[in-house]
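Undergrad: Given these sequences and hints, build the entire structure.
Taking the numbering used here, the leading residue of the sequence shown gets 13, the next gets one more, and so forth.
In short, the hints are calculated from the structure, not lab data.
Just so it is clear, the structure is predicted and the values come from calculations on it, not from any experiment.
Ideal Cβ placement from N, Cα and C applies to all residues, glycine included.
Any given hint might turn out to be false.
For lysine to aspartate or glutamate, the following EDC-like pairs were computed, each having C-alpha atoms within a straight-line distance of at most 16 Å [what the hints assert, rightly or not]:
id, residue 1, residue 2
1, K81, E121
2, K255, D279
3, K126, E85
4, K255, D282
5, K263, D282
6, K126, E105
7, K255, E188
8, K47, D102
9, K252, D279
10, K47, E298
11, K126, D102
12, K126, E83
13, K252, D282
14, K126, D84
15, K263, E248
16, K140, E298
Quick list of the computed label-pair ranges, beta carbon to beta carbon [to be verified]:
id, residue 1, residue 2, range
17, S92, N276, 30 to 36 Å
18, N66, G245, 41 to 47 Å
19, P137, G238, 39 to 45 Å
20, A196, T261, 17 to 23 Å
21, K126, H72, 19 to 25 Å
22, R79, T231, 29 to 35 Å
23, A207, Q257, 28 to 34 Å
24, I203, H129, 33 to 39 Å
25, Q260, I203, 30 to 36 Å
26, H72, V227, 36 to 42 Å
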Amino acid sequence: MDRFRIVYKWNSIRVWYDRKSKNALFEKLFKVVMKLLLVIDVGNTNTVLGVYHNGDLNYHWRIETSRHKTEDEFGMAIRSLFDYVGLMFDQIEGIIISSVVPPMMFALERMCEKYFHITPQIVGPGMKTGLNIMCDNPKEVGADRIVNAVAAIHLYGAPLIVVDFGTATTYCYINEQKQYMGGAIAPGITISTEALYTRAAKLPRIEIVRPDHIVGKNTISAMQSGILYGYVGQVEGIVKRMKQQAKQTPKVIATGGLSTLIGNESDCIDIVDPFLTLKGLQLIYERNRVGVL
Numbered sequence: 013m014d015r016f017r018i019v020y021k022w023n024s025i026r027v028w029y030d031r032k033s034k035n036a037l038f039e040k041l042f043k044v045v046m047k048l049l050l051v052i053d054v055g056n057t058n059t060v061l062g063v064y065h066n067g068d069l070n071y072h073w074r075i076e077t078s079r080h081k082t083e084d085e086f087g088m089a090i091r092s093l094f095d096y097v098g099l100m101f102d103q104i105e106g107i108i109i110s111s112v113v114p115p116m117m118f119a120l121e122r123m124c125e126k127y128f129h130i131t132p133q134i135v136g137p138g139m140k141t142g143l144n145i146m147c148d149n150p151k152e153v154g155a156d157r158i159v160n161a162v163a164a165i166h167l168y169g170a171p172l173i174v175v176d177f178g179t180a181t182t183y184c185y186i187n188e189q190k191q192y193m194g195g196a197i198a199p200g201i202t203i204s205t206e207a208l209y210t211r212a213a214k215l216p217r218i219e220i221v222r223p224d225h226i227v228g229k230n231t232i233s234a235m236q237s238g239i240l241y242g243y244v245g246q247v248e249g250i251v252k253r254m255k256q257q258a259k260q261t262p263k264v265i266a267t268g269g270l271s272t273l274i275g276n277e278s279d280c281i282d283i284v285d286p287f288l289t290l291k292g293l294q295l296i297y298e299r300n301r302v303g304v305l
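TA: Structure, rendered in structure tokens:
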């Protein structure tokens with residue numbers, strides 16, 4: 013197409029921008045209106061990206077985590093995502109990253125500087141999170157758990173139990189004083205399923221979905237039943253024991269890629285928030301930024 017039109021809504025004003033337009037006023041207006049924040053959450057299995065404008069999550073993507081990508085490969089991957097929705101690199105004013113995969117950070121930081129001309133904020137020691145961590149060694153607490161806790165406290169108050177269904181399933185307890193007290197870590201649903209496939213010769217690789225019946229009539233449905241309801245039982249058991257130690261009854265928040273599936277089957281989960289981590293990154297960026305987004 014010779015002309016590519018991008019339409020945005022800002023303060024009830026619709027702005028049409030033509031990439032081939034030479035109108036300097038339009039160029040200036042477009043860049044002032046659309047100052048965006050890119051948030052990146054690097055997990056062991058998936059990397060989730062989001063774009064915020066004025067505190068609203070406008071776009072989000074989930075891609076496979078790769079420890080071997082170069083800064084150029086990361087840059088081209090993000091460019092393809094941006095092109096699909098009509099975004100440009102120079103619209104991004106800030107970037108914040110949380111990661112539980114240290115080997116990826118060098119390439120990601122280089123990518124941000126090379127393609128966005130931005131030094132990203134990295135969630136870690138020294139950042140202003142507002143979270144009081146009461147663990148034996150606060151530096152051991154993963155960036156994803158910190159970010160989740162910050163978002164959950166801001167959105168839902170305290171006390172809380174935050175359950176994140178990722179490569180590992182993590183349980184975080186925040187007391188009524190909004191202090192991060194610690195939690196539990198268990199193998200994630202996906203890696204447990206893979207373990208069955210790789211270690212049991214006759215068991216196939218399966219899709220993690222809700223089976224039609226709790227009693228499976230074939231190998232696949234029996235595995236799906238065992239995996240899903242086994243994890244529902246795990247969640248309810250751990251949450252029950254955490255609640256027994258709490259002075260006040262905590263609200264239970266679930267997040268992560270499989271949070272909706274488990275949340276629909278468990279009676280103990282109060283709220284499912286799939287974008288809790290991205291929301292936490294946006295909040296932490298706001299607490300550490302210089303200038304105005």
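Undergrad: Now look at each hint and say whether the structure bears it out.
TA: Verification of the supplied hints:
no., hint, in the structure
1, K81 / E121, "holds, 12 Å"
2, K255 / D279, "holds, 14 Å"
3, K126 / E85, "holds, 12 Å"
4, K255 / D282, "holds, 13 Å"
5, K263 / D282, "holds, 6 Å"
6, K126 / E105, "holds, 14 Å"
7, K255 / E188, "holds, 12 Å"
8, K47 / D102, "holds, 9 Å"
9, K252 / D279, "holds, 11 Å"
10, K47 / E298, "holds, 14 Å"
11, K126 / D102, "holds, 12 Å"
12, K126 / E83, "holds, 8 Å"
13, K252 / D282, "holds, 13 Å"
14, K126 / D84, "holds, 9 Å"
15, K263 / E248, "holds, 13 Å"
16, K140 / E298, "holds, 10 Å"
17, S92 / N276: 30 to 36 Å, "holds, 33 Å"
18, N66 / G245: 41 to 47 Å, "holds, 42 Å"
19, P137 / G238: 39 to 45 Å, "holds, 40 Å"
20, A196 / T261: 17 to 23 Å, "holds, 18 Å"
21, K126 / H72: 19 to 25 Å, "holds, 23 Å"
22, R79 / T231: 29 to 35 Å, "holds, 33 Å"
23, A207 / Q257: 28 to 34 Å, "holds, 30 Å"
24, I203 / H129: 33 to 39 Å, "holds, 38 Å"
25, Q260 / I203: 30 to 36 Å, "holds, 34 Å"
26, H72 / V227: 36 to 42 Å, "holds, 37 Å"
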